[in-house]
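Novice: Need the complex rebuilt from these two chains, each delivered in its own frame; the hints are there to steer you.
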Amino acid sequence: MKVPFEKLDKAFENRLRLQIMSVLMVNDRYDFNSLKELLDTTDGNLASHLKGLEKEEYIMVYKAFLGRKPNTTYEATEKGKKAFKQHLDALEQLIKQQKIK
Amino acid sequence: MKEKEIEDELVSIRSMMERSSKFISLSGLSGILAGVYALIGAGFAYYILYYHILDELNPYIPNHPGTVTSNGSIWVNYSNHYYSQVSITLIVIALVVLITSIGTGIFLSVRKAKRKGQPLWSSASRALLFHMATPLITGGVLILILVTRGQYGIAAPAMLIFYGLSLISASSYTFSMVKYLGLCEIILGLIAACLPGYGLLFWAIGFGVLHIIYGSLMYFKYDR
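Just so you know, the sequences run in chain order A and B.
Taken in order, the first sequence gives residues 3 to 103; the numbers are from the working numbering.
Taken in order, the second sequence gives residues 1081 to 1304; the numbers are from the working numbering.
Don't read these hints as lab results, they were simulated from the structure.
A virtual CB, placed ideally from N, CA and C, is assigned to each residue, including glycine.
Hints are supplied without guarantee of correctness; some may be wrong.
Covered stretches of chain B (chain A as the covering partner; in silico rule of three or more C-beta atoms under 8 Å from a C-beta of chain A) [as the list claims (entries may be wrong)]: (1) 1083-1091; (2) 1196-1204.
Simulated crosslink set (SDA-like; lysine to any residue; CA at most 20 Å straight-line) [to be verified]: (3) A:LYS9 to B:ARG1206; (4) B:LYS1194 to A:LYS9; (5) A:LYS38 to B:ARG1206.
Only chain B is shown next, with the shape it has when bound in the complex (with noise of 0.2 Å):
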């Protein structure tokens, strides 16, 4: 046996290995584009909760402008209506979010498999939706339960720590770099869970930034 076949036999092995156990064809372009979408989507949700566009829509919201506290912030008395139409409002926008990156997602993939002949429903894209799904689907009823209970402030820290655990948990079936991904989302999460009140903007940087960041690494990486 030559080197050259030696060595021929460890590529065909290794390559065997990473293309049955990994889903190889998740598209960087994906990443970038998804994080665009939510940060258009955190975009209209800062509007709609800092610059009242559904006060004009709600005839329980009396037309003055709140008592202000003494720290100097306005308290307006909404009613519960109010804030069931906000988180109605707000619930929406993560959904549409959520589809549209989802699809994107599918679609890339679909291309960058069809392009490079891989196999885009193996085992190894199977496992990794199974174990992608069961921590965000477990987050996802969490979260509304909670948030139909009045718990509006544990949405956005509950969304980037689930979503964190699901790519770990995820990213033993495709690059490793989910992993480190998935780690960054968690500790923003924490983080956010410290700081009531910063939850959409930390929800921009875990869905909007951080995905934009990992897409353009994942591109210049494994795409060109």
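Same shape as in the complex, but just chain A (with noise of 0.2 Å):
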């Protein structure tokens, strides 16, 4: 049998860009600050993969302001939640050949 490697998604090869896109699977919009909290990562960190994630079109973000503080969230796009899912259905895949072994 073939290993589908070459269907996992390489813009989720990094922990951390694929839990961005959990969060974002189970909720319509999520903000900077929450993600970093619930990720416990730097604005740094997060900030150059959410950049990643907006470049493949896989993420959108919108800018806001509350008050006088800028509200940044974000939202899966459909090719994003595409992404995601073929990623998992080819980790699930990974996981089922090895079983076999």
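Specialist: The following block contains the structure:
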């Protein structure tokens, strides 16, 4: 049986990106600070990975102001959700194959 | 990629999905305590209603035992003043039970969240609060309106039904067990609506007994 490694999405190779995407799969919108708190990471690290996902068009960015504070929220795009599901399927297949061996 | 790595990956996905969308700092103990407060409150209400403790305070009630009706029950002709006094006392009891329960719930949730290092004020807890408060406040206001119009019988079933609805609406943001508690409350409320006169009994079962059962199940499943 062929191992479908190529089906794994390169954009999700990083654990943090995968986690960001999981959060956005079950929440319509999520803001930057909540993500930072939940994923327990730094501003710079989170921002760079969010940028990466944005470049892939997997997420949409909404910038707004809450009073004077900037409040940036993120939403998964259809493309992003599809990619995430395919990535999960690929992971699942990998596990199944390794169980057979 | 090794099997262990893939499994780690899947575990982290699952945990992020749960932690970001569900409020999991609810403590089972707060359910048990809320049930105990409700039973104490129901006990007070029972004495006020059936032992006429407020009668002595009421100058409008004549000192006769009332007339015995054909089915053997004693009918005392209370004034409207007496009813409003009793209903205010009952509302105060219900509010005290509500406030102490919410207070205990918040206190124990804060403690559990701190101990487990979970964020308390997250988008999940905000969603939980909103979805719980909407039916609860709607019901509360409706009951107050109806009670001030003299519809005392509606209070207990409506409280149970609206509380059940608020639990079901909030349940997608926390443990799924909350949904079943909500369903039980609604069923109990509807039964109570069919059996006028037993409101207090159903209120005590719904807010007292069910909370204690639910709290114990939660405690043994998640808290230990």
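Novice: Which of the listed hints are not met by the structure?
Specialist: 3, 4
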